[in-house]
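Novice: Chain residues, written in single-letter form:
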Amino acid sequence: MTRDDVLVQRPGPLASLVIRNARLLDPAAGIDRTGDIVVREGRIGGDATGLEEIDGTGLIVVPGFVDPHVHLRTPGREDTEDIGSGSRAAAAGGYVAIAAMPNTSPPVDDAQDLVRVRELAARDAVIGVGFICAITKGQQGSELTEGAELAALGAAALSDDGHPVSNAAVFRRALQYQHLTHLPLTLHEEDMDLSAGGAMHEGAVSARLGVGGIPAVSESIAVARDVALASYEDARIHICHVSARETVEEVRLGKARGVHVTAEVSPHHLLLIDEDCETLDAATRKMNPPLRSRTDRDALVAALIDGTIDCIATDHAPHGPSEKELPFEEAPFGVTGLETAFASLYTHLVLPGTLPLEILVERMSADAARVLDLPVPTLAEDAIANLAVIDPTATWIVGAGDFQSKSRNSAFLGTELTSQVQLTIAGGQIAWRR
Amino acid sequence: MSSRRSLIAIGDLSRDEITRMLDLGERFAEVMGRDIKKVPTLRGRTVINLFFEASTRTATSFELAGKRLSADVINVKASGSSVEKGESLKDTVLTLGAYQPDVFVIRHAAAGAVAAAARYTDAAVVNAGDGKHEHPTQALLDLYTMRKAMGHLEGLHVAYVGDVLHSRVARSGAIALQTMGAKVSFIAPPTLLPREAAAGLGVHASHDIADIADADIVYALRMQHERMGAGGFVPSLREYATQYGIGHHRLRAGQRVMHAGPMNRGVEITDQLADDPTALVTAQVEGGMVVRMAVLYDLLSDPQAVRSTDLVTEMMAA
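For the protein sequence lines, the chains are A and B, in the order given.
For the first sequence, the numbering used here gives the first residue as 24, with consecutive numbering after it.
For the second sequence, the numbering used here gives the first residue as 251, with consecutive numbering after it.
Derived by calculation from the structure, the hints in this document are not laboratory data.
Do not rely on the hints blindly, as some may be mistaken.
[Said to hold, decoys possible] In silico lysine to aspartate or glutamate, EDC-like type, Cα no more than 16 Å apart, as pairs:
hint, chain 1, residue 1, chain 2, residue 2
1, B, K340, A, D304
2, B, K340, A, E348
3, B, K433, B, D464
4, B, K288, B, E313
5, B, K287, B, E313
6, B, K398, B, E536
Everything numeric in this text was worked out from a predicted model, so none of it was measured.
So that you can see chain B by itself, here it is in the shape it has in the complex (with noise of 0.2 Å):
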């Protein structure tokens, strides 16, 4: 029913997209140095951020983007029990789309929520993260500061390490990196990696840590507790720290450490490295927002008019 685009899945988008989405990110960082960070691109626009999950980040930086851009931001955090949940998503989405907003970015803690929104607004709709399913604006940040720290993303090798199983940042990275060229490991303790990866998402998957030593980037995944339900998946976090937390002790020199946040320090990576300065996890903040600025942008804008030379422009005009 969705008129417009949308961003639901990080497959969804082309080798070509994904460059042009990076581009446009590192445009918009450029405007960022500026002291007056805001350009008028999408005045009289309005973008609904509908999260029934918690996040700090992502709202954060979506809000930001937002507001950047010049763009009216209405900011609605839902909750409830999963089915109320469910049901209020469909009603929510219709309430607010009576207001005929441009995007609704949503969160949600099942999989497949985004896309049944989608259902019932002719607004686009970007998937800000549907359970364990994709967080296709998180796999583009990821690309992006990747790509600044590396220089490229084609033949680079990033190793996702720990809790795979619940991880919706490696399964969306995955997916955005091999479009790019790159190859990826998935390195978890064997009940948290999915059966099947391998063939599922075409990824090298190992339970031995020691396979991140041909790793251009190491990705600490945060160990998701809140979705892990009764019964441990790991007997307890120090036999994982030992087994799989990532620490200097572990690296080679000229590997990068990144991290989606927010961190469990002592358990998927240490302290120490947590706060070393070649961690890119600071980087990967500020890469959110101006990627972010990128996708409302290129949803929001005519795609034949989406070229840098016109964006340019625009801002110099701002």
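The shape of chain A in the complex, shown without the other chains (with noise of 0.2 Å):
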């Protein structure tokens, strides 16, 4: 069941123009063919006379891209990023629709909060936003949000983000209360005692280092309770930012009983491991989870590329310079990836032949709408034009210009990386133009 009502996006003009000569890659629709593609009045497909003409030799048209989870630090630290930014740096990225989460200050937890941020996406977002709001009240834990109200209004989900419902038994009344929800629940994996102290994945780097550790178990741990719960409850949860070989081992064993499991992965879990953590830079290696090790890391890909990970998400964390200038065991978790979750990607894993583009598209695009159920952006006549037009061959330095980002705390900053978006139309309107 497809909700329409989840995304925000601020009303504009609708776009008419024609891509020229260009792939045509969707994967989810069965398209992959050389040609023109038509957008009249933001809609795919119609007479292309008249409409500004775009040269597309060599450019890769897909579906625009879903991001199921990302920090828009709205309310409460718009410092470091707001609605606005936030989805510009996603149209920046290919994005047409995204998923903020409730970790704001306040969080977002009940009826006003939610109906205050989509008033302000109305005004401000570019693309798509929707809100998850929180499971608890509050995020402490403790009592269940008016979810059915909530669910009314256009939650695009429920979570509580970084602060994981510990109480097995909380957990599980939100389990049985999603059958009147019927929202996803999204979750972040973590038992916070079995983390406590800890700021790097703890192994042979932390050893060396003398880093606190973050064990894989305080992860999968977490998953197999929850996939066990969501078992016995029938019901249906969303694995957020999977880093774990553990963890993969957890999705896979509850896909294959059945269980309702979706999961998804982080470009920076896919790309570095706990070795990059050498530097002690705070802003550009601190993560939670945090960066494991390269065996862990194989061990995503391959669960990306057989879909035991059904998607792809950045977990967009920004955080400004003071926040991140603190000592590595200081600092607070969270790396920016909006702007260049395609590109490293693409670098990394598809021009050196270990992800078919063809997937890297479908598991940014359709897969990851499709674990909240939103929208699947899609290339197909008639459809609301959600693409992105990607120039596969451009080189650039993440950091060299301005991010759309408020925040520059990219894993990936002063890396070259191959392949840029030139164009992004989302909701039917242009949303990105380099």
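Build the complex: two chains, separate frames, hints provided.
Specialist: So this is what it looks like as structure tokens:
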């Protein structure tokens, strides 16, 4: 059941243009051909006569990307990101829809908060923005939020994100209540006792660096619990940012047993490992879950390809310089990701031949939309235009120009990437044009 | 951003550089044997000791080292909550940096703090201990002490015993010793041994205290209550002392004992052993000052000029 009332976007002029002689690639719709694509009055197809023409030679047109997991810092930390800047960052990365986590200040956990952020999105968002609301009031892990009302008002999902519900009985009630709300539960999985004091993956590198370790089992043990509870309650869960191979195994087992479990993985976990933390640079290397071992990374890539992991999510987590200038162990977790997601994965997984482009596009678009029941972007005729135009040969240095995001804590800061989003049309409107 | 050389991690030093530092330390030890224990080598240079975490011997030895080299030494003790500490770290370094010091000597409770501080100053930065991460000058003074006592480092076997998990002393020591061709063992209760220590640091890792038998030096580590937080890592200090405490009863003839201090007598080391003249604990403190003189001298001198002959000439001129 796709929900059309979740995404909010600023109203604006509808795009009309034609892209000539591009590769049109929409794996989910079975489209892969070279030719023209017409967008007229915000919809795909129709007569190209009189429209602006774009030479698409050498370019790839794909369905726009969807990110089920971003942080827009609104309300509370608009100095580091807001709905306008975050949505522009997303558009610059080829995204047409994103879902914002509720760990804001205050957390989005009731009707009033949700209505307010949706109003802001209707004013500022250049692409579709959905809002995930808290599972428990104040993300405190004890009392359920008014899920039925939140669902009626267009909540994208429920999540306590970085404050996982530790009490199994409370979480069980959240699963039971899902039969009323039908809202996906998206879960940051972490046993906070096991990870306490940790700042990076527990392993050989943390042993050498003397930095507090976050064991892989702190993630997989929480996933095992929640898969068991979801199975027992016949409920549906989505596992955020899988980082450990043990977690991949839990998700694989759950799926094999018919549990309704989906999972996402972030570009940084697919591309970086704990050895990259040697610099102790918190701005680019400290995130939760942490960068894990090479073996974990390889397991994540394999799981993304075979579908055990359903989709890619950036966990875009903007932080200001003063927050990230702290010593590694004291700085907050998180890196940005919206502007680099496709290019980083294209550069480091597609170009070397590890990951087929078709799978990458599907995992970033259709598969990502499905985990939250969002409309699936497509290049098919008559669909509302939600697409990205990519130059697969352009190279750029991350951070050399300005970010659209207000923050610069990118894991790929200063590195050269290949491929760049030239144009993004979201909800029929031009959201980004280089 | 730091334009001068710094000493943040012991792994940044090559075998030759460590040897040079220990040799320099011996030269300074000779000077310390003279009536006037001061040389004009670093006259006009400024050393700022910036300690965000309590310290007795490291702070005093860096202060004395600087003063005996005739540098201007300023000691700053900072404190505050963990986040405030981090924020004030940058601001403190920027503020004190306006005085254009030549060296910051920094101690902080969080791993990565000294690397972070180095981003905000052009002065050389010396890590005087950052959380559980590193303590490179402690490693140098320990090697200095070991070389002096045993005559060599190559082929030496050093067993660190006890709270390895929280120990920057063991971590920096293990890296330095292996650089010099020594063998290192970590012997600890299972709860105080870092996971994958063997893979991460190349050491022999064991829970069996009997494994100290083969060691030339038994290095007793302090139980670091202040880093343990809630929840005991061992059931009791009494049980720890019984299982892992180092005393004469565990040692064979010729084995030497070290401890970085401050000692928990009766816990990781017995009273009797701590006071035994063959223990190297006091020698470590003496070594600490001359090695820190060597580090300051090395960082503040033109690298091309650092030849022991030049040093001797300078000292004689004093």
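Novice: Would you mind marking each hint as holding or not holding in the structure?
Specialist: Evaluated hints:
With a CA separation close to 14 Å, the supplied pair K340/B and D304/A stays within the 16 Å bound. A threshold of 16 Å between alpha carbons decides the hint, and for K340/B with E348/A the separation of about 8 Å falls inside it, so the pair holds. With a CA separation close to 11 Å, the supplied pair K433/B and D464/B stays within the 16 Å bound. Restraint check for K288/B and E313/B: the C-alpha separation of about 13 Å stays at or below 16 Å, so the hint holds.
Using a Cα cut-off of 16 Å, the hinted pair K287/B and E313/B holds, with the two alpha carbons roughly 14 Å apart. In summary, the hint linking K398/B to E536/B is supported, as the alpha carbons are separated by about 12 Å, within the 16 Å threshold.
The structure is consistent with each of the numbered hints, conforming to all of them.
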